[in-house]
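Please build the complex by placing chain X on the supplied structure of chain Y, with the hints as guidance.
Read top to bottom, the protein sequences are chains Y and X.
Under my numbering, the first residue of the first sequence is numbered 2, with each subsequent residue one higher.
Under my numbering, the first residue of the second sequence is numbered 2, with each subsequent residue one higher.
Since the hints were made in silico from the structure, they are not lab data.
Hints are not guaranteed to be accurate.
Just so you know, same-sequence chains aren't split out, so a pair can sit in one copy or run between any two.
Pairs of lysine to any residue residues, derived as SDA-like cross-links and limited to a Cα-Cα distance of at most 25 Å, are as follows [claimed, not checked]: (1) Lys108 <-> Gly45; (2) Lys108 <-> Pro41; (3) Lys108 <-> Glu46.
Chain by chain, the residues:
Number of protein chains: 2
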Amino acid sequence: MSFEPDVLQGFVQRYLDTVANGKAEDVAALYAEDATLEDPVGCGEVHIGRQAIAGFYKGMEGDHDITTELLTFRAGGHEAAFTFAITVGGAMRIEPIEVMVFDGDGKITSMKAYWSQENITPL
Amino acid sequence: MSFEPDVLQGFVQRYLDTVANGKAEDVAALYAEDATLEDPVGCGEVHIGRQAIAGFYKGMEGDHDITTELLTFRAGGHEAAFTFAITVGGAMRIEPIEVMVFDGDGKITSMKAYWSQENITPL
Numbered sequence: 002m003s004f005e006p007d008v009l010q011g012f013v014q015r016y017l018d019t020v021a022n023g024k025a026e027d028v029a030a031l032y033a034e035d036a037t038l039e040d041p042v043g044c045g046e047v048h049i050g051r052q053a054i055a056g057f058y059k060g061m062e063g064d065h066d067i068t069t070e071l072l073t074f075r076a077g078g079h080e081a082a083f084t085f086a087i088t089v090g091g092a093m094r095i096e097p098i099e100v101m102v103f104d105g106d107g108k109i110t111s112m113k114a115y116w117s118q119e120n121i122t123p124l
Numbered sequence: 002m003s004f005e006p007d008v009l010q011g012f013v014q015r016y017l018d019t020v021a022n023g024k025a026e027d028v029a030a031l032y033a034e035d036a037t038l039e040d041p042v043g044c045g046e047v048h049i050g051r052q053a054i055a056g057f058y059k060g061m062e063g064d065h066d067i068t069t070e071l072l073t074f075r076a077g078g079h080e081a082a083f084t085f086a087i088t089v090g091g092a093m094r095i096e097p098i099e100v101m102v103f104d105g106d107g108k109i110t111s112m113k114a115y116w117s118q119e120n121i122t123p124l
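Just chain Y, same shape as in the assembly:
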């Protein structure tokens, strides 16, 4: 299974747009039913399944404006690796590296976000 790079980039851009403008359920709907999410990687918590994933994004919801910007994109078969910037409430900017795996329907089956405190910039 493999997607053209621009198709994968479209999946990633849709994800970033939905994180910025959608509800937690909208973001979770981009994931496969049995997907896994680890954000940030290395903190011991892996969210398994769309319901748990919706809960994760629910925690990000609030009164804050969120903006996202794709910075660097790399395609690989049915996977994608990318750097992006996310700003929260105009107060801070984080620049993670994320890796996503997609199924044949373009749903995310695995998401891993690599970042730590050092990658947060107060604005």
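Same frame as chain Y, but now just chain X:
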């Protein structure tokens, strides 16, 4: 298992230095015995075990000067994600995103490199 970010960055820097200045066997020695390597991701070939991995790097050896430069680094537990530039023979520059997983001894147990033709720049 977890490493401090600067320790992980040291592992990655040592890897990039060895790719630039070492032999295939030197690079392979940074990998665990049963490690896996996929470079580029999505092309169907996963190299399994240190001997196969040495063979992969052997294919990169030659008369060409290789330089490497770490561009962006993100730590995550015992994993690292990073962007870097590699130039070959002063003729081309590639900028992959790589993800590495390390064992408790700091050996690489998994390496995945995300890049494609579009990420190659003739110099």
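*Looking back at the numbered hints, which does the structure fail to meet, lowest number first?*
Every hint satisfied by this model.
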